[in-house]
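Protein chains in written order, with this note's numbering: chain S, 348 to 581; chain Z, 348 to 581; chain V, 37 to 261; chain E, 37 to 261.
Not one of these hints is a red herring.
A short list of chain V residues far from chain Z (calculated; beta carbon distances all over 10 Å): (1) Y42; (2) T44; (3) Q47; (4) A128; (5) K169; (6) F173; (7) E175; (8) K221; (9) P232; (10) T235.
If you want the footprint, here are the derived chain E segments under chain Z, 3+ residues with CB under 8 Å: (11) 149 to 158; (12) 239 to 249.
Residues of chain S placed beyond 12 Å of chain V at every Cβ, according to the derived structure: (13) I433; (14) I479; (15) K543; (16) A567.
Keep in mind the hints are simulated off the structure, nothing from the lab. Backbone N, C-alpha and C define an ideal beta-carbon position, used for all residues, glycine too.
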Amino acid sequence: MPGDGIQERVTPAKPRLTREQIAQRTALELPDGGYVNLGWGIPNLIADYLPKEITVYFHSENGILGMGRRARPGEEDFDQVDAMKIPVTLIPGASFFHQADAHLMSRGGHLDVAVLGGFQVSEKGDLSNWKIPGAKGSGGIGGAMDIAAGAKTLIVCMEHTTKDGAPKIVKQCTYPLTALTCVDTIVTDLAVIDVKPEGLILREVARGWTAEEVQELTGAPLIAGQRIPEMSFA
Amino acid sequence: MPGDGIQERVTPAKPRLTREQIAQRTALELPDGGYVNLGWGIPNLIADYLPKEITVYFHSENGILGMGRRARPGEEDFDQVDAMKIPVTLIPGASFFHQADAHLMSRGGHLDVAVLGGFQVSEKGDLSNWKIPGAKGSGGIGGAMDIAAGAKTLIVCMEHTTKDGAPKIVKQCTYPLTALTCVDTIVTDLAVIDVKPEGLILREVARGWTAEEVQELTGAPLIAGQRIPEMSFA
Amino acid sequence: MKQKLYATLDQAVADIPDGAQIMFGGFGGAGFPNNLIQALARKGTRNITAISNNCGTREGELGLMFKNNQIKHVIASFPGPHANYFQERFAAKEVTLELVPQGILCERMRAAGAGLQGFYTTVGVGTEVAEGKEERFLEGQRCILEMPIHADYALIKAHKADELGNLTYRLAARNFNPIMAMAAKTTIAEVEEIVPVGTINPEHVMTPAIFVHRLVQAKGLRYAG
Amino acid sequence: MKQKLYATLDQAVADIPDGAQIMFGGFGGAGFPNNLIQALARKGTRNITAISNNCGTREGELGLMFKNNQIKHVIASFPGPHANYFQERFAAKEVTLELVPQGILCERMRAAGAGLQGFYTTVGVGTEVAEGKEERFLEGQRCILEMPIHADYALIKAHKADELGNLTYRLAARNFNPIMAMAAKTTIAEVEEIVPVGTINPEHVMTPAIFVHRLVQAKGLRYAG
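All chains should be modelled from the sequences, with the hints used to inform the complete structure.
Pasting the structure below:
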């Protein structure tokens, strides 16, 4: 059975999804015709994995709706950059606007889906994604707080644990917060988890992993059905 | 001497300025290159009396900057109307924008001068200009409250007294208020009066009228110098 | 992918239920969704809360809604002297009215669209508009708290649209339409012309498609007042 | 009539005094008033409070201002990993920083431009951003009060201008520029091209001339980061 066949203890060597696979899995969550903002990090890889048959209108908080792929060498226009300063192309039907309107779209509930990276997500759906305690420098917020406050559906993509093996899904965030009770779905290198009023629902697990193994690496209780499907990529 | 030659008692028959003359006098208050909003009533006549050598950019709160004269028969475009629903022309360098931006210009202090009609102005510069007590119907506010709150300089054009002879410049407004302490200058059919912290300064009187005669028709004390110039039209 | 383009005006308003809160664009005879208003009259939706700068010109614009007694409450800035059907209903207490300064009407709708929960303004301080509203000093000025105005639907009028819902407006017919498009859960635009996707310059889009949920082509029908 | 067009960059910034509060447009390498920033560096204005999304890219954009130690306080959303001159000054406590969510930065500037005295938002509730701010429930949600950000000057970058000050921007170089133009007492725009009055379509003006007080033509000078 997918996801419950392997019963040995978790070891560091056991393969997890790559960042690209997390992005690929998350791409399936995007609705056809939806307006979507992709944040820094893993979310920024998602556009490459969009199913051919659907169209998504990508929003950039610096004032673009309808971004296409990144510009190829020679076709860059440095007045047409995304929120990561990278020159992009447009798809037909794109539009430009100033930043107040761009963030109005985020904060006002007009985006269908936003996908952000995360340092921690709590069992209530609180998100920490902008500052690591003790990190050097000023830190920076950017558009994440407006996006987290306003998107109809917020997906967080991240590794399931830190490099030291500590859970990133926790009972309470200990890192500086981005927004409270904002996350709807978490896609990690081990699982797809929905944040619901009743708790964290384990929707899918990565190939070769069991619900119990995922629970061991999670800092908050997961609600798991009898059979948890394997994470799907199509 | 202009303005102090006639000493007889005021009589109803004594000539006052026409509405057009009030507009003509007020036109001289507009600065070259200024951004100006003209309200309903007498203010709407002002554009016709603008000195030839100056350019004023007229703002309409429905979303036009740079209105020109009214459209002549045959050249009307009913998508290009002013705040009174009347088709207008544009001057070169005009622009269109939505109503939120249009009122942002009024309220945010971007207009150099606004000219409104008035029912009453108090000695502190409070304005009542939108509703007559006891009038039938719903009444209506329109853009006057935003304009009164925000213009750098607010001029009120009105007759000095009501049809019954009651003063419209009063110690305290008894009509529903438009805004508090907003009026800078009052131009009437008898006088030009500046509203200052120290009180109402009588700047000019109409030809054939004395300061004392104007004071008699005014419901609040006027501060008058020794010689009050006659209202000038050029 | 969900299509935004509707074949008929009646289909575009077919689900608007009794009691809906609806914004209506237009100012001074320009930019009114007259064709959608007529469809809403045919549909017969009742007990509407209408948000509109004015209340129609005789039977024209929103006037038809009052003639048909479809509106129970209005939030407006300037109902207008020629809004005789409104004025009759208002005098008969069949319609209630909240009068709002015109710029504050825009800002309250924009606040709803922008996901803001209220703002302070000096506009209306000391006037009837301030009655019942929280007052305080901020930045050294007396201010009142104004709350967002949300809507279930916005009926707007644009000049051109592509099939994705990007809109442009002609001249001063823009007025309230872009603000209302941002503020409503479902924005329905009647447009004079549908153009191919990609033919509106992205720099010249006045209402981005994200704010537009239904489109229907309709020509003419203007009330010059 | 007062002319808005200045012959040189240096003349356009000649009166900016020490201690001025200044907004700087631009985002992601696009729409930065780099030529005006260099003029301000030559002028040597100090103790500036800067409002800017980020804090420059090495010596580029606002970086030069930090290298020269002209800025004492910054209101920013994302200072940036390549803002090394800022980060050094910040670590040495020579510069103070107020971090603001990017959309709230826009709204606080817009509130200043729009003559509003503050607004409530859910953004930042429960985070460091909320510290010291009034919190209350409105519309059933926890909100914080955010105050307007005013400025003495805005330095912005546009693509085309007519001599009256009507502006257009290229593509995503629009970003913060139109908002800052509304929010400052004196807006100074560097533009790539000056076109005759009447040649910009009134429907396509992106910043109306009322918001622009000084214009100066300047080409080139981009920091791709």
